[in-house]
Structure formats: structure tokens, C-alpha cells
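> Assemble the complex: chain Z is given as a structure, and chain A must be docked to it using the hints.
Protein chains: 2
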Amino acid sequence: MSMTLALQRSIQATPDAVATVFHGRRRTFREFGDRVARLAGALQSIGMAPGDRVGMLGVNSDHWLEYMMGVWWGGGVLNPVNTRWSVPEIVYSLDDSDTSILIVDDHFLHRVEGIRASAKRVPVFIYAGAGEAPRDMVSFEALIAAATPVEDADRAGTDLACILYTGGTTGFPKGVVHSHWTLWSIGIQRLAQTPMQGDGVALHVAPLFHMGGIGRALVQFIAGETHVLAATFDAREVLQTIEREGVTDLLLVPTMLQALITHPEFDCFDLGSLKRMVYGASPIAESVLERAMAALPGVAFTHSYGMTECGGATSNPPENHGAEGRASGLSRSAGRATFGVVVKVVDANGQEVPRGEVGELIVRGPNVMLGYWNKPEETARALRDGWLHTGDGARMDAGGHVFIVDRLKDMIVSGGENVYSAEVENVIARHPAVQACAVIAVPHAQWGEAVHAVVVRKPGAQLDDAGLHDHCRSFIAGYKCPKSIEFREALPLSAAGKVLKRELREPHWAGQSRQVS
Amino acid sequence: MSMTLALQRSIQATPDAVATVFHGRRRTFREFGDRVARLAGALQSIGMAPGDRVGMLGVNSDHWLEYMMGVWWGGGVLNPVNTRWSVPEIVYSLDDSDTSILIVDDHFLHRVEGIRASAKRVPVFIYAGAGEAPRDMVSFEALIAAATPVEDADRAGTDLACILYTGGTTGFPKGVVHSHWTLWSIGIQRLAQTPMQGDGVALHVAPLFHMGGIGRALVQFIAGETHVLAATFDAREVLQTIEREGVTDLLLVPTMLQALITHPEFDCFDLGSLKRMVYGASPIAESVLERAMAALPGVAFTHSYGMTECGGATSNPPENHGAEGRASGLSRSAGRATFGVVVKVVDANGQEVPRGEVGELIVRGPNVMLGYWNKPEETARALRDGWLHTGDGARMDAGGHVFIVDRLKDMIVSGGENVYSAEVENVIARHPAVQACAVIAVPHAQWGEAVHAVVVRKPGAQLDDAGLHDHCRSFIAGYKCPKSIEFREALPLSAAGKVLKRELREPHWAGQSRQVS
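Chains Z and A, in that order, give the protein sequences.
The first sequence finishes on residue 517 if you use UniProt numbering, and the numbering steps up by one all the way, no holes.
The second sequence finishes on residue 517 if you use UniProt numbering, and the numbering steps up by one all the way, no holes.
Rather than coming from a laboratory, the hints here were simulated on the basis of the structure.
As the structure is a prediction and not an experimental result, all values here were calculated from the model.
Errors might be hidden in some of the hints.
Chain Z residues, not near chain A, derived (Cβ > 12 Å throughout) [claimed, not checked]:
(1) Tyr-92
(2) Ala-130
(3) Leu-160
(4) Leu-271
(5) Gly-371
(6) Phe-475
If the Cβ cut is set under 7 Å, some of the chain A residues that face chain Z in the computed set are [what the hints assert, rightly or not]:
(7) Leu-5
(8) Ala-6
(9) Gln-8
(10) Gln-12
(11) Trp-184
(12) Ile-188
(13) Leu-191
(14) Ala-192
(15) Pro-195
(16) Ile-222
(17) Ala-337
(18) Phe-339
(19) Gly-340
(20) Pro-366
(21) Gly-400
Glycine included, each C-beta is placed from N, C-alpha and C at the ideal position.
For reference, chain Z alone in the conformation it holds in the complex (with noise of 0.2 Å):
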């Protein structure tokens, strides 16, 4: 199986519906192909070998996909880029996994010049922006216009499909790798669980870098229907977007599903269209959920839980989410194992434990991740015996559905990023006033939850909010930085020296209907 099938398909069944809208550009089936085995002929021109990686910067848009799908076609591999990254980390992805190319639009061509001062390995910069190429990149217009379309290069199976960085538990990100099966089993399972009935047009707005993005991408090309790509959320033009190209299927994180229904315009849109909305991959408040419900009262609603290591995990169906859903409380559950998947809830020793009581969740299944990239210790950790262990804490009930209630990983969910405590906390350290310090989640009512820093000054030391955030700002992407910063004198710690980290969270969590501790 190589994702790239998925594409031909479309070419020889339908080469004249419309494959992607992004703005005022169409392009049909015929076009994007053309366009992909140029681009892939274009990367080979460059020097792209079979199994290189290729980065892509850029929000989403039209030019994303031929990307993703034009290194496919090409041989390579992927490595898409957090956009919300600074360039010491975009510089640690690339360095970590040796990417010769990079593509950049022009949100981010400000990344360049750092990217080019301090990488080990100087990609490749290809411009892939509405205006001129600056000197030193290369156009990407005008490689797909130089260059002779080839044919597919049909890697395939368990040859390497994309890396995909992602918060690493110490302090560096971890590349996760799957293969064209793993994508294959991602994308074709999620179709299986909400299939589409030959009218899908699918709105990406969730970031295409992230698993949530890409997932959704990979199910649109195997159904073989249309994407519209939003650069970025913006409320207003989401509405608009449904509204103008008639969109049936929308993958959202609770903060941007929430900003979506409480739009002062939301009632100047005709949203009929819309069919299926899928929400996951951080916690939604059930007063966001059933107000959703009841302002889109003809769409299907699906949870899927999942993450970067293994796509969808778990998933809870439209039939979950009417009254009687509500009533048994299964509409607040993350749902059954994905078909194909099997879920379990484990102690510390890997033991099942009995239904009801709370362990962490593990995953297996043909979804699952090959590994964490040049990281053997790492991956032997979150893959034993063929088990994802996912680090979130959850419990099973009778009929199998998993309710996710914690997260023994120290990480915390932030707008549907994930950031890990250890990460904050060691940029946190490297502050010349800092003692000690410790990163925790606290609940927020727009982002799930808040980075909240607890610190300890050296003493004698000055150190106040502003100085602490710029501080942290220089180093890492802004949704990493600290919401609220609290200095103490000392941080309460176990027997052993630890910090108790649960003492921490309680207050702040006291109330809550879901605790995170």
C-alpha cells in the first residue's frame, strides 16, 4: 500500500471533480496530479533520494497537499513542521531527522534566515508563496513549471511514510514514524467508522502538521473527495466557508468548535450543508458539547480519541451523543476501540485492571507507530510487547467504552497542543533567578487547559511575570509559555524528593467535573 494509490485513483476515476479549494483557487483531480508528479520530479531534480525527508512550513493551504502527496509520489518522506515552533526546535526536527528540503510559505519566511545560522545540515529552502522567491530559495511555482511529471516512485507497506514531531517527555520532541500501512490503517479505519456516502467536502482546519490534520487528509484522498483548506481558524470564515462550498465534514478541537457556535454571526450562515463533525484530541466541557448539539442539530457528532503515535484509538459514535447517550453518560465517553483496535486499561505492572477502576490506557492495533525516530530507549518505553502505552489514564466500562480521566504523562493539553511539563520546566531552569520550579495544567475555560508555572526564586533574586515570560518566549512557541505564573517559597516535595505535583494541581482542579491530577 502506498498512499499515493489513493491519489491515482481519483485521477483515472474522476479527474474532473474538484480536488482542492483554497481561497479562490480550484484545482480538479487532473490538475493536483499533474501538479504532484511534477513537484515529485522537481524534489528528485533537487536531490531528493527514495526514503529523504522533505519539511513542510507552512499553514494550510492547496500547496500543503501537493506537498504531501508530491514527496510521496517522489519517494520521500515527510516532515511536517509545527508552525508554532521557534527555530531552536524547528532546527532540533531537522537536525534529528536529517530533512534535506524544506518548503516555506510565507507566514514564515522570517523562520528562514535563523533555520539557515544554526541547522547542521542547511536544507534546501523552496519558496512556496504568493510573490517573488526570495534570493537563495527556490520557487516553488516555478519547479512545478520546470519540471517533467514522473511516475510514482510506489514506496509502499512498511517503508517510511512521515515523521512527525511531537512534545518529548525530555524536554526534546520525539520524531514519531509511520509507515504507508500505518497511514493506510489510520485513514481507512476512521472512514470505516464515519464513512462518507459520495458527497464529502471536507474543510481542513484543524493544522495539517498535526496527526488530527493529516488523518483527516488521508481519509479525504482514500474516499476521493474534496478538501478545502482555511490557512488558519478564523471563526468568521469558517461559517463563510461551509456556507460558500457547501461543506459536510468538519474536523475541530473543542476550543475552535466553541468559538465556532458562540460567533456573533453564527446565525447568518446557512450551515445545511454540514453532516459530520468529528472533535477530539483535547477534553471538551459538556456545556460546549450540548451547545454545539443544539446549534447544529442535524449533524452527526463523533469523539475520536487518539495521538500522533497511533492516530485514532478510540471513538464515540453519533448514536452515543442523542438524549439516551446523554442520559447513560455515554456521550461524555471517548468510546469504543476503533475497529481493528483493541484498547486496554492497565496497572503499572501491565496487569488489565478491573473495569471501573482507573490505569493507563494501552493501544494496539495496525494503526500503531513503528517507533520514535534514532530513539531505541524511548520507543522500547511506549511500545512493549506490541502495546502503545499512551501515558493518559482511563477506565472501561462493561460494554468496553473508555472514559479518559487522567494523564499519568506529565503533559499538559492546551487548545489541542500538547505540551509536556519537562520541556517548560527546563527553560524555566535555565533563568539565572530560578531556584526551582515546577509546570502543571490548570483548567481554562477557552483552552481545556492553561500552562500555570509554580516558582521558586533564588534568594535575593528578582524575578517578576513579564521578565520570567519573555524569558521563556525567546526559547519555545508561545502556547508552551506560561498562562499564570505563581512564586513560592518553597515547593511542597515526597519523601523521596519528588515534587508532589498532585498537591499542586488540587486546588486549582477542586470543582471540576473532570480532574486532571
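For chain A alone, kept in the frame of chain Z given last:
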């Protein structure tokens, strides 16, 4: 991916749901899973090592599905034996695949002595019948009762899952090798293509030893729904079972479908539960399809075209079976490539022919077999550059819809003109007095080959050579009309319900230097 994960998921989530129904016997997923884990342990205790082949010689039953999952659970590989075969054919497949254990039901006990006398390696025989186990055979039930349940052996991915023997063009059967990955793709593709809504009660009446039957069983296991088993095809019993068990899903070959809708008691049963009908494995006469759709107005019809080597290759969905599809001719097509699959129509040099022209259909996708067991030359002929060569003649329209014209080897070349049997058969079948027919090539001194028709009249109907010839001449060119016609009481059918054209041809070609078979 191990196919047993699908079963694990059901044991966990719906342990009390009905897994199998066979005559009066109903077992839940908990019971079925327990028997599977015990059978796996029993098979290991009598010598089944990881990757060992285990055969099943039996009609459809719940034991057949226990065999399927039990062998996989214990780490073995299936060799499902064609029940129509003679002892030499069975022994050939056992010897070729080095099958070490053979399960036999009551219907095939009479084969055991012959197999024991001639197999190179005499397998351990397990008796899976209703009575006492014969001497020298181990009892299936006693094994399960005495065994300790074992853990799933977790064979997965590219590990071998089954060897399905299929007729060989050289006269010897070929073992089609599938892995857990390819079977997973065959099952999940079909589920995505013909989704169930948590309500699927499938009646398995097509033989499970064929890809059609085993593929349908996989879908049911992945979806986690109920399997109802019919030992053999009996139209009245099928009608009765649909009513009694609330069957929603049926997969039938055209001869079975025809027998069902023409059964004198068809109107005596409530078939209102039936939702989805998949037909395939051989061409269907338009008149049969139209009559079936009229007789079952609430049922969604899907045509699945495929073969042992790849499961489903194309799929013609319900929307092409409506009035519009009949008007446009799409109801007669095999549909488009299934999700993730690409098909092409090529000439003898492997070059794609223009749309509308006839060539050989080739298939590429995650569902394609690994190859033929121990037959590198036949594998190389069938799999060229990753493309499976089907040997079927087809044409493709501008929309990627495939029309199967005929088995290339069944094509009749008469006076330099190509005649496709299916076309002539469709015309003959339209005659109101015709119940069934087959068109074959017979030797002809002047034209090389001549078109010969074997026809079964409807009971009590009048039809002679002249009348049928006039009928044909009014629809097709003279060279396509049968030069000779033979009336019979019945056509010889394979276990899968396919007309055995080879048997029809043999007497005509005996003593000829060039054989068409």
C-alpha cells in the same frame, strides 16, 4: 495487525452479544472467544508451531469460524480445503503446503481413508462432527474441553495468515498466500465500502473456504457483529433463516440469488430485515439482477468483483443500481476500484489501452496476495511490478467504471472475431423460456472456434434451436450467435456456484490438438 485483534475487541466490548448461530446453537462472543483460546491451546499441544498450516475440510458452520480464529490465535496458518475436491486434489494441497493438522466434519469423513493412504505427510486428523470421533481421529469437542486457554500468539503484519488453493491454469491448484495485513485490508476496505450501522447480522451461505466467504467473515469480525452460518445453499432454508434470525447482510453468487428469488415459497417469508445484498464471483444476467431488485425493493445491492488473489478489486455501489444506473448502463458495470486500490486495463505489453477498449484488468493495492506458495514462476507471471494480472478481459469508461467482458481464456475467437461469452449469455438469458445458460468455444473446422450454447429451459417452457437463434440474431451480430445449441436439465456448478465451463468444454475438445480450458 493480527486478525485476532478484531475478536479481542468484541470479547472486550460486547461479550454477551451473539457471535455465531448455527442451526439451534447460539454462542456469545465470550463463549466463542473462550472456545477459540482453548482450541488454540489444544492445537499447540498436538504440535502446531508458529506458522504451521492447519486445514479444514468441512461445510460452513460455527466450528469453521472457531477453526479460523483458533488457528490464528494459536499462531498457525489456515489452509481451507475446497469441499468439492477429490482426494488427489485435497492431498495435493496438503502436501504442497505441508499441512500438519486437518479438521474434518461429518460430511467428509469418507475422504479420510484416501487422504491417509496417499498424503506424503499424514496430518493429525481432528473430527469436528456431531457424533463420536472415529478411531484414529481426535475429537474437536474433547480437545476444546480438555485444553487450557492460551494467550493470543499475536502473529501479525506480514506474517502468513492463510493459503487458499485455487484452480491452476496448468492443471495443478495454486496456493494463494495472504498475510494478516492483506486480509485486514480486504476486510476493512469492504466495511468502509459497505458500512454497517451496528446492526449487521450476516448469513454466510457462500462457502467459507473461498475468498468471497472468508472475506465476508472478516468484515463481520472487524465490525464485531453476528455470524449466522448455513452449511450449504438451500434456497428455502436461506429464506427461513433470514426471517428467523433477522438477517441484514447476504453475499451470494448469481446462481444462488436466482434460486432464491425464483423459489416457489419466496413470498411466504418475511424478508424485511434484509438491508444489504452483495453479489459477485461470476457474471450476473441482467434479467436476474432486475428481477432480484424488484423482488427485494428495500435492499441495497452492491456488486463486488474480485478474486482469491486480492479479495474485492472493484465495487459497484447501490446508487448505480437505481433507475438512473440502469438507464446509463452503470448497473451492468463492476463499479470502480475499491478504496485504496488502483485498477488498469492494459494490452499484452502492459500498456494502458484507451478508455472503452478491451484489455486485461490489472490490480494494485494493499489487498493483493503475497504470491503463490512455492510457485515463483507463477507468482512472477501474476505479479508484475506489483500489479496483479487478473486474466480477466475488461473495459473502462471515462469515469473509471470497469465492465468485465469475460475471462480472457473463456473468450471465443471465431473466424478472427473475438466473442465474449458474457455478452452472448446475457442475450440468451433475456429469453423468457431460459432459466440458465453457458456459452463456450467448441472446435470448428472452418472458423477455428465456434460459439456453442448450453441452455436450461424453465420448467414447462417451450424453446428450440430456431427460436433461440432468432432471438439472439435480433440482439447481436451473426458471428456472435451460437452456431450450435444444446439443451440440458442443469448446468454443472462449482461449490461457489460458478458454472464449470471446463466440464462443458471437455467432450468437445477431446482429441483436439489445441485445448481451450
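> Does each hint fit the structure? Answer for all of them.
Outcome of the hint check:
{"no.": "1", "hint": "Tyr-92", "result": "holds (31 Å)"}
{"no.": "2", "hint": "Ala-130", "result": "holds (34 Å)"}
{"no.": "3", "hint": "Leu-160", "result": "holds (15 Å)"}
{"no.": "4", "hint": "Leu-271", "result": "holds (24 Å)"}
{"no.": "5", "hint": "Gly-371", "result": "holds (14 Å)"}
{"no.": "6", "hint": "Phe-475", "result": "holds (41 Å)"}
{"no.": "7", "hint": "Leu-5", "result": "holds (5 Å)"}
{"no.": "8", "hint": "Ala-6", "result": "holds (6 Å)"}
{"no.": "9", "hint": "Gln-8", "result": "holds (5 Å)"}
{"no.": "10", "hint": "Gln-12", "result": "holds (5 Å)"}
{"no.": "11", "hint": "Trp-184", "result": "holds (6 Å)"}
{"no.": "12", "hint": "Ile-188", "result": "holds (5 Å)"}
{"no.": "13", "hint": "Leu-191", "result": "holds (5 Å)"}
{"no.": "14", "hint": "Ala-192", "result": "holds (4 Å)"}
{"no.": "15", "hint": "Pro-195", "result": "holds (4 Å)"}
{"no.": "16", "hint": "Ile-222", "result": "holds (5 Å)"}
{"no.": "17", "hint": "Ala-337", "result": "holds (5 Å)"}
{"no.": "18", "hint": "Phe-339", "result": "holds (5 Å)"}
{"no.": "19", "hint": "Gly-340", "result": "holds (6 Å)"}
{"no.": "20", "hint": "Pro-366", "result": "holds (3 Å)"}
{"no.": "21", "hint": "Gly-400", "result": "holds (3 Å)"}
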